[in-house]
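A.B. asks: Note that the protein sequences, when read in sequence, are chains A and B.
Start counting the first sequence at 953; every next residue gets the next number (this note's numbering).
Start counting the second sequence at 953; every next residue gets the next number (this note's numbering).
Hints listed in this document are in silico derivations from the structure and should not be mistaken for laboratory results.
Glycine residues also receive a C-beta, built at the ideal position from the N, C-alpha and C atoms.
Heads up, a few of these hints could be off.
[What the hints assert, rightly or not] Distance ranges between label pairs, derived from CB positions:
(1) 974/B with 955/A: 49 to 55 Å
(2) 1125/A with 1014/B: 55 to 61 Å
(3) 1180/B with 1137/A: 27 to 33 Å
(4) 1004/A with 1146/B: 45 to 51 Å
(5) 1180/A with 967/B: 27 to 33 Å
2 protein chains.
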Amino acid sequence: MISKAIIKDIQNLGLKKVRDEQGLFVAEGVKWMEELVRFAPERIRCIYALAPWIEANRSALKSIAVVEVDEILLARLSQLQTPNQAIAVVHQFLHEPQPVESGLTLILDTIQDPGNLGTLIRTADWFGVTQIICSPDSVDAYNPKVVQASMGSLVRVPVSQTSLFEWLHAQSEVPKWAAVLAGKNYSEIKPNGVGVLMMGNESKGLSKELLDMATDHVTIPRRGGAESLNVAVATGILLSSLCR
Amino acid sequence: MISKAIIKDIQNLGLKKVRDEQGLFVAEGVKWMEELVRFAPERIRCIYALAPWIEANRSALKSIAVVEVDEILLARLSQLQTPNQAIAVVHQFLHEPQPVESGLTLILDTIQDPGNLGTLIRTADWFGVTQIICSPDSVDAYNPKVVQASMGSLVRVPVSQTSLFEWLHAQSEVPKWAAVLAGKNYSEIKPNGVGVLMMGNESKGLSKELLDMATDHVTIPRRGGAESLNVAVATGILLSSLCR
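Next comes chain A alone, as it looks inside the complex (with noise of 0.2 Å):
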């Protein structure tokens, strides 16, 4: 058995105030305790989960802390609609932006749909994508619903948020790709496998003062009638050539 006070404190990890306070996050569901156990186990803090999933992933989770709960216990836990077996309060991986040196960084400026900016996680962990910057006026990259559609790929991926200026400021040397509606081609780019895919708010883009950073301004080419492109589908199109 857990205590209402316990309920009640990891409902409140819905809130970000909450979140940031502790340093704390809510996983949920099996391919994300799948991830966790596997990938981040020392930064579990506990799992919760009903008895059938212990029972069937015992041998991995020995030095987890794990509590038995049932279906309606699970179901005051989790933000789903439909709860999935297990959720895990977790430890935020607190990344800090790291300099280009090698790889692909994609930068996210004022991303504030959660279920987008999970998508772009999980696209980013596809192409294997070094690090992801945010804006720090993008959504918290540990939204529930950000978790949710990031697919585990939270675990893998670092993401981390700051000044997108200054930080670009200080990498001088490389490449730093800008997505736009009106710029060259993109199949023209010439990745060397290094530089920095930026990418902006959903409805404004990207900012000027990042626009004017840039080296290049990078457009897909448009053949109907949509006025833009969904964000993680832009940045999934750019990414798959940059990574050709």
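Since chain A is already given, all that's left is putting chain B on it; use the hints.
C.D. replies: Same frame as chain A, now just chain B:
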């Protein structure tokens, strides 16, 4: 003023059963209104909007039924947390699947997340896809979350539902590229502007019977750790390559 019965009728269009019976759907927000007024004014049954929006758009609204509402009433009609000035009741587009004669057709097997389907429609619109054909068990294209995520592209891209197996069977002469996790590198495709891109369910991928009908199994190479890409991101990457 509009009656309680009309308010209830509009709210009920949130339900698929009611949408199907009446052949109507609800579109919301300034961007959607622009698309409707410009590209499909004959489909609009009625726009409900705030006075400033009506005033600003008066010249474009000549032959369209428009009812002025206040913010309280707009909030009651809206399915959004932050209603955006106007909402329209619209006749569904009633497209039928067409044979492939030119351009790209996107077929979608059992897409279940409405945000994904909306983003797929928007992405298909950007790349000038000729039509989207969904399996009968896909999420309804007129689901409010699909409509919202499509950002108005539902006006331009014909979306229909049918048995994909039967439809594919009738398209004998065109390339059919099936997205899979272990196929040939998509960058090896030599597109000639005509063909069918086949995308599968978010967790299960394409069904075996559809995979067997493909001419090519194609894959976006993975560089990092994510188990899969979001279906809309993957579709964007493949369409961008097919449109080069």
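A.B. asks: Taking the hints in turn, state whether each one holds.
C.D. replies: For each hint, the structure was consulted:
1. 974/B with 955/A: 49 to 55 Å: 51 Å, holds
2. 1125/A with 1014/B: 55 to 61 Å: With a Cβ separation near 58 Å, residue 1125/A and residue 1014/B satisfy 55 to 61 Å, so the hint holds.
3. 1180/B with 1137/A: 27 to 33 Å: 28 Å, holds
4. 1004/A with 1146/B: 45 to 51 Å: Distance hint for residue 1004/A, residue 1146/B holds at roughly 50 Å.
5. 1180/A with 967/B: 27 to 33 Å: Given a distance of about 30 Å, which is inside 27 to 33 Å, the answer is holds.
Comparing the model with each earlier hint shows no violations; every hint is respected.
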